[in-house]
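Chemist: Residue numbers for the sequence shown follow my numbering, beginning at 11 and rising by one.
In case anyone wonders, no lab produced these hints; they're calculated from the structure.
We treat Cβ as the ideally placed atom computed from N, Cα and C, and that holds for glycine.
Careful: at least some of the hints might be erroneous.
[What the hints assert, rightly or not] Lysine to any residue pairs mimicking SDA-like chemistry, simulated, CA-CA at most 20 Å apart:
no., residue 1, residue 2
1, Lys52, Glu33
2, Lys115, Pro170
3, Lys115, Ala126
4, Lys115, Thr101
5, Lys52, Glu85
[As the list claims (entries may be wrong)] With beta-carbon atoms standing in for the labels, derived distance ranges:
no., residue 1, residue 2, range
6, Phe172, Asn60, 41 to 51 Å
7, Phe172, Pro144, 31 to 41 Å
8, Gly204, Asp104, 24 to 34 Å
9, Arg88, Ala108, 27 to 37 Å
10, Asp83, Thr103, 28 to 38 Å
11, Arg81, Leu176, 42 to 52 Å
12, Ala191, Ala72, 16 to 26 Å
13, Asp104, Gly245, 18 to 28 Å
14, Ala73, Met256, 31 to 41 Å
15, Leu164, Gln140, 21 to 31 Å
16, Val105, Ser227, 18 to 28 Å
17, Gly245, Gln14, 12 to 22 Å
18, Gly204, Arg81, 21 to 31 Å
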Amino acid sequence: MPTQRIALVTGANQGIGKQVAKELVADGVTVFVGSRDLARGKEAVADIGNGATALRLDVTDAASIASAAERIDREAGRLDLLVNNAGISTTRTDVDMAGFRALAKPSTAPLDDLRAVWEVNVFGVLAMYQAMLPLLRRSSEARIVNVTSALGSLTTVADPTFALHLAFEPIYGASKTALNAVTLSMMIELEGTGIGVNLVSPGFASTALTNFQGTDSVEDAAREVVRVARLGQDGPTGTFTSWNGMTIPW
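Work out the full structure: start from the sequences and follow the hints.
Modeler: Here it is in structure tokens:
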């Protein structure tokens, strides 16, 4: 593992993003820890350790993204790894997961909530891609890892026997389907460039995203994201895998 590899992980002040940043730093990677709240980012960096740098980054704010790109350019001159981890499932704070699913049906889904979630999960990822691609092009082993969900797999959720078949909804679930489509477009655009693009569905972790109702540890949930993030220049691109390393159908 190159000791001077430069990485950016969005939404890295907590949960899976923080775990990914921690493991990459342990590998000797220099990691920019993206956080909407800089103070929380600095708290996370204090726990992650040497090699981590807090970076104020709101993926829904064009000025914030541009400022982050400028700082990485100024301090590192390139980017070897972009992990688009930032994501939300709802803006509602008054309901648990069961309540969210009851509200999120196509017939009742609050459109303001849908727009806010898609702004982070879909448009935020594309905005990051556009801003960071010039820095990634300067790397000899660039890779983009987009963190999604198995709920975004149309083939999977269309199967009536799938455990979460009835949980698919237009707010979070469909935002991940859209993210998968956007990721596929990135894969196609970057074919033959040497820049790898991978899509990973982490485990069902007990994090803020799941209102701490997940069943997997953060370490287990982040395992595949970390594995793919560690891939070198000759590692596979264009893959869509789950937390346990299995291929997920589109």
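Chemist: Could you tell me which of the numbered hints above are not met by this structure, giving the numbers in increasing order?
Modeler: 8, 9 and 13
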